[in-house]
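Student: Chains as they are written, first to last, in this note's numbering: chain W, 1 to 254; chain B, 255 to 486.
Hint data in this document are derived by calculation from the structure and do not stem from the laboratory. Check each hint, because a few of them may be wrong.
Stretch-level coverage of chain W by chain B, calculated; a stretch enters the list once three of its residues show a Cβ under 8 Å from a Cβ in chain B [claimed, not checked]:
no., region
1, 234 to 243
2, 246 to 253
What follows is a set of in silico ranges between Cβ atoms, one per label pair, in the way DEER data are often shown [claimed, not checked]:
no., chain 1, residue 1, chain 2, residue 2, range
3, W, Glu31, B, Asn408, 41 to 49 Å
4, B, Ile259, W, Thr191, 25 to 33 Å
5, W, Asp142, B, Lys271, 53 to 61 Å
6, W, Leu199, B, Glu404, 41 to 49 Å
7, B, Tyr470, W, Glu31, 25 to 33 Å
8, B, Ile259, W, Glu128, 45 to 53 Å
9, W, Asp194, B, Ser439, 53 to 61 Å
10, W, Ile59, B, Lys315, 57 to 65 Å
11, B, Glu319, W, Gln94, 33 to 41 Å
12, W, Asp242, B, Asn397, 21 to 29 Å
Backbone N, C-alpha and C fix where the C-beta goes; we use that ideal spot for every residue, glycine too.
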Amino acid sequence: MSNKNKITAKQVSVFYGSKQALFDVDLNIAEKEVTALIGPSGCGKSTFIRCLNRMNDVIDICKVEGNIEIDGQDIYDNSVDVVQLREKVGMVFQKPNPFPKSIYENISYGPNIHGIAKDKTHMDEIVETSLKRAALWDEVKDRLDQPGTGLSGGQQQRLCIARAISINPEVILMDEPCSALDPIATAKIETLIDELKSLYTIAIVTHSMAQAARVSQHTGFFHLGKLIEFDSTEKIFKNPEDKMTQDYITGRFG
Amino acid sequence: MSEHIVKSYDEQLNILKNTIAKMGSLAEKQIKDATEAAIKQDQEFADKIVGKDDRIDDLEKSIEEQVVNLLTMRQPLAIDLRETVSAMKISSDLERIGDLSKNIAKRSRHLDKNIGHEINKNFSLVSEKVQKSVKIVLDAFLNRDTKLAEQVWNADQEIDRLVDICMNSILKCIEEKKDGAAAFSQLMFMSKNLERIGDHATNIAETVYFLVSGKYIEGDRPKGESGIVSGQ
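The shape of chain B in the complex, shown without the other chains (with noise of 0.2 Å):
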């Protein structure tokens, strides 16, 4: 894109691009240290997880105050507009990403070692799956990529069943077992967090198609089948 005449309009729209890099990367990083703190039950770790949750929020505040500016000192239109108005919505997206990943952190203080290691790897496998989502899809933001935000709108199937596989594998444990069912109760909303993180991913897929084209991605969400994520 070719640089605007009033130079610090484009200056502008950079700082604001940085800004949702930068929060896109804090947010993906708390995905992956919340779920460690989950797989290895690491209370000191995960305590650290919930503190670093407000630099996002700030991250979120600092978008909203310079999209607001750009809105009344450059009027932006067309793609500038498009820029302008995406940021808001995928800094809303990774702010809530945020929450769910401190949330993830916060319930994993409560799991105990009756947590095997089938339930585990099934809870891991989602989350690389969900981090792989979150990471392409700022990709697809910083490259202005619509096929990378097609790649992650249609992964999200693919994670939905994942998680169903974590949860029923979960559910299984509580009725095998006698003891637990809080601990694994904490785990089952662990993993519905990381299926909404997935969604989330899927909503900035969305949000960057949309900037980047001008147009919305054709048809329906693709959704996983009957199961215990989607509720039938």
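Excised from the complex, chain W in its bound form (with noise of 0.2 Å):
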């Protein structure tokens, strides 16, 4: 059984320039799942996850087209103040980006330019649910002042996801979480997406089929810019309806 949908989008096109980068994706993402999006590079994963906060905005020549709501809202309408979107869809790279700052300031910065934090302690408290909820806390409560670009890979990672949720979002976008990092690492980042869809609804562009297959209720997969199948999880990874999907999930795609 499906969650209710969080997001819906309706013949999203997304054109960089002259060159049509989406064709017409209808997709949905279910409230508090993790929706996994696959296919080979160039296909339009990320660009599609990108249209998800407005991040294309910030490209010139990108121009989105179609409908694209969360909770019944038009995200692409004039009155969205995409700082407030930004703020509701959280994002997470490919490359664990944390701010040239302390542990304790990278995750204080959304809150404090958000005005989230009524005063220092209850500042103290977001910074330590935040890392908590990213499975950090325990390996860097003792250093909170030292700067975030000292931790490995993968605790630069699950720093970007504390950062991600410390200004409370209701969906995160990851885009390729985890590949700069090892398979402990990666592990760790599983389990976290495994417990924070409990909170929030999570969509991951991955090229890892068994990533998505750990960790994702439902699986769309990309092919030269369209949606070519959307279904469970279970099914895309077990019987997929569409060739063109079997023949990328098995390794047959020339």
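Assembly of the complex is requested from the two constituent chains, each provided in isolation within its own frame, with the hints serving as guidance.
Tutor: Written out as structure tokens, the structure reads:
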């Protein structure tokens, strides 16, 4: 059984100048579930995910068509404040990118600019909760004043996840969050994703078929800018309907 | 099915398929030979059959090894995963078929001249049906054919009916004749073995259906009516 849809995308097309990167994508993302997007490089999966918090706005030549709603609200409507949208829809990237600041400041930065913390005690609480939710607290609690960039790759990525959840988002987008990590760090992030889904709606782009199978409840397969197949993760990896999906996930794609 | 980007993956899956085919044809031959040894009461032949079962067991081990290797090295998905897992299941059914045939051969040593023409005829008939099912189900596997798999699945009912006739004719002899009860009892078990082989062919049919379509055959297995076989 699926949860209700948090995000609905209808007929989404994206253009970079004259080049079309996405073609009429219809895709729904269920609330408090993990949705994985897979497909070969250049298939449009990252482009799609970046539409969900309007990250594509920063690219001048990028044009987004179609309709994307979060909780029934059109996020490309003129009345939408992009800063508030990104407060609601956080993002974690392929390469861990902590700020060149202390571990504490990495987390407190967001709540600060969004004016979330009432006072110092409240901010301490937010930092602690965020780091705990990101399963990093025990490893860093005695060195919060040290630079975030001094942590290991896996820790840095969990710091970035803690930073994303510090402003209490409803949706977390992850663009290949484990591709720069070793298997142990990857396993920690995957455990974390599994835990976080009770609180947040998560969309993850991954090149690892096994990762998609392990962490997600629904999976979408993209190819050449089109959504080829979308179904429960179990169905996609056990018995996909589309031959292209099957060829891709079994390593037959030429 | 198009080929994998990694060629050696295709080779491994092909070898697996061929090993199943080889194991299947050996198992099929064992049923045929064990039946012949029983009908002709040829003890020497029966001994040979018993000795040949090791080859089937060795192939099962080989399949198990290949499957574990595939799972470890390739992490197969979708059709490849179904193929890998199915190979393991089919090989264990074939191994059981081999054992049951061996057991028929062993028991055939205890038969005697009391076994009349009618019983032999009934027993042969069951065996032929069972061999046919095993042959067809192997073809279904090799050709990825769900229609053939369904045919075997549906044929099990007829096998059960024939086994019942066979067993009843044996019972009748036990009741009518003063001696030979021991030999007749052996023949009862041998008939039951053939019926079990039919069940394993049905299992394989279900596996093949799942392997090809990714779905389970719908409905309950067709069962024979009340009789000795069903215990009803």
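Student: Determine for every hint whether it applies to the structure shown.
Tutor: Hints, one by one, checked against the model:
no.	hint	result
1	234 to 243	holds (count 4)
2	246 to 253	holds (count 7)
3	W/Glu31 with B/Asn408: 41 to 49 Å	holds (46 Å)
4	B/Ile259 with W/Thr191: 25 to 33 Å	holds (31 Å)
5	W/Asp142 with B/Lys271: 53 to 61 Å	holds (58 Å)
6	W/Leu199 with B/Glu404: 41 to 49 Å	holds (48 Å)
7	B/Tyr470 with W/Glu31: 25 to 33 Å	holds (31 Å)
8	B/Ile259 with W/Glu128: 45 to 53 Å	holds (47 Å)
9	W/Asp194 with B/Ser439: 53 to 61 Å	holds (59 Å)
10	W/Ile59 with B/Lys315: 57 to 65 Å	holds (58 Å)
11	B/Glu319 with W/Gln94: 33 to 41 Å	holds (38 Å)
12	W/Asp242 with B/Asn397: 21 to 29 Å	holds (23 Å)
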